[in-house]
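Chains as they are written, first to last, in the numbering used here: chain A, 38 to 581; chain B, 12 to 178; chain C, 11 to 114.
Dumping the calculated DSSO-like pairs for lysine-lysine here, alpha-carbon to alpha-carbon at most 27 Å:
id : chain 1 : residue 1 : chain 2 : residue 2
1  : A       : 134       : C       : 63
2  : A       : 396       : A       : 114
3  : A       : 67        : C       : 63
4  : A       : 324       : B       : 171
5  : C       : 63        : A       : 114
6  : C       : 63        : A       : 74
It should be emphasised that the hints constitute simulated quantities derived from the structure, not laboratory data.
The residues making up each chain are set out below.
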Amino acid sequence: MYLYDQYDQAMVDARVAEFRDQCQRRIDGKLTEDQFKPLRLMNGLYLQLHAYMLRVAVPYGTLKSTQMHALADIADKYDRGYGHFTTRQNIQYNWIKLEDAGDILADLAKVEMHAIQTSGNCIRNISSDHFAGAAADEVADPRPYAELLRQWSSFHPEFSYLPRKFKICVIASDRDRAAMKLHDIGIQIVRNDAGELGAAFYVGGGMGRTPMIAPLIRDFVPLDQLITYAEACLRVYNRYGRRDNKYKARIKILVHELGAAEYTRQVEEEFAHLLDQGVEPPFAELKRIRTFFEDPAFAQSSAAEIDRSDPDFALWVDRNTHPHKVEGYTSAVISLKPVGGIPGDASAEQMHLMADLAKDYSFDELRVMHTQNIVLPHVAKSDLHALWTALEDAGLGSPNLDTVEDIIACPGLDYCSLANARSIPVAQKISERFAATGKTAALGELKLKISGCINACGHHHAGHIGILGVDRKGVENYQLLLGGSEAEDTALAKITGPGFSEDGIVDAVEKAADVYLSAREDGERFLDTYRRIGMAPFKEALYG
Amino acid sequence: MAEGLSSTQTPAEGRGPLDATSLRFRDDDPVLDPAVTVDAFTAQGNAVAVRIEPGDDVRELLPSLDRLALVEINFPTFGDGRGYSAARILREAGYRGELRAVGDVLVDQIAYLRRCGFDAFAPEAPLDPDDVAAALDRFPHVYQPAADERNPIWNLRHGKGEELRDE
Amino acid sequence: MSENTMMLITGNDLLTGAVIWWTGSDWSVHIEDAIDAGDAAESIAAEQEAARKVNVPYLVESTMQDGVPRPNHIKDRVRALGPTVRPDLTIKPDTAANAIREIV
Ligand code: SF4
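Using the sequences plus the hints, can you model the full thing?
Take a look at the structure:
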């Protein structure tokens, strides 16, 4: 895990002091709300439906136990005892006071955390594969590159007032577990024919009002030019991204309007210029960062066989673990999706428990998934039963990873001032419905994602089944979408037709699931069946 | 004290004043010529001061940098960040004249503006000099190189000194 | 506008962020204290914002129902009471169940 040195610490401490000063100037009336807003947003502080909300960065989703404990303490001390893990691998608190904001940032800084650039029209927290450093299928751990990008993008003087927010994701495997192509820049670390590592750049993806899949603009950027290339991508965007219309200001619109080829040409030209400007860090820095991500001291091949005699445990193992690169180990997912629960919410007590379990069973490390669950990345198979037992006792043992119960839901109208409709109650009702009918297991992998408005924080465009909340004359209404994917086979879901009421949407999801169950062929997931049979049979069942 | 605000400088050489609200971080005499538009500048052969609006392509100035003494970059609203790129592009091309941020220039952006190469500020609304000094002194280090001379953290970590940032 | 229609002013407390409602002389976290600010609503909002007594104020069209103002839009009803999915955190926990029914 990355550890701060005196420089990182000094920068974060300076930011705390700066933000305290900015808050004080706002309180004293020296800053108007219009002037203060972008400053507070760049420290993750929103004014939401009920109160201030603080979004804390979890860089590339990686946390130490002490950090998770600190997040729990903040929930207790400054909030109402819980936090919400987001689709950007961050955590947000819903009941923050402006007068506490400086103290919270100071508490975070003590555990090498911050809220820097978790909002605002700047480069946001870098996201990554939640199984990074553990997955059997990656060419390298993507996090050193994410960390290098984190440093480069922090307090970037040229790119802090971009046309819109800017999200970067780094993965290092052909399996995409991080919705890489739905980011402003998606980077895949790849190995070329000569065996060297480099970075493939996908630019101009995104969800929101106009979802787009990022085109590949460069298949191999040498690692000692990574930052320079990113700088070129950003400069072209900062200069030419649209600023006349907030809804057309994301880089996806620029790339779309210029065409990927023309955007690429401009980037390459800027890149050629910047190569002479010395913006690239010394390669030694990348090497230094890599040392923090070396493997922990894995035991030599502990018992590889798991005792599956307890069927509940066996089900959880099948559903919630992921193959590890080291024999005898696995990555275990802690579901924050209990049936009828609030997706992604965790109480302070649960956070403390997960931190303790990470210490006992996962070399002190946790990950936040963009699907709003938590991973213990390095669990010895021989410890799995003990881990599962502890999770079960705490109500954290739901065996439902990637099932229809593992719903992504944004905060929606229960918390979010931009929302059109509530997301959470819909998620609760759907998980309850499928748990009650017992169809969850039969449906297998079925990714359901709900957003409370067109901003798509709940990734509804990328759901096998997506739900979008809309406002129909002051009444909540829900559109159904089918066929999206955020994995390596990235696809954008299509709307089925007219929307549904809150209860109607639950029935509609069940009907769509039933179409799949009766039409599927051997080994097909919901998405595969949809792709084979198309929208028509689903429409027939829904509206016929 | 922030660089450029050294007390040994006389007001005329140091902070200005072009007018009561301006801040200047240069030792030469302020350019008093009125700034003309990019179109006017490229058309006329004799203007020495030009004003860049957010939509202008600053690279159009590059062939004539040697006759330029002042570039004003306008920020109609502080949230329009195109001027940051314009400034860096000028500095990267070797422009050494005055680079003045005008318009909606606020204290909380001033450190970033300095880093992008601005060395003079003519804000619409006056800035509190103490707040300016505090803002410029706030961050002990920088992560990335820009148009200023600050040595980024990643050089400090690896014992690479100022020579790397020499132009 | 029916005669039951009223114009409330809401916003957030600058320091705590709490949702607050204009009572005619001050601000309250309870919507039942809110009064109809009528035609003066906009000027009151602007004046109070300038004095930093409220942050980001806006007007909420509401209807008087059983002696309590009920915002016409669901967003403001959720705002008035708290998240519907955490009845324990509504502003009036003891009447939470009723409150939730009112919201939706
Ligand atoms: S999708 Fe809309 S409702 Fe949901 S969190 Fe994002 S902005 Fe809010």
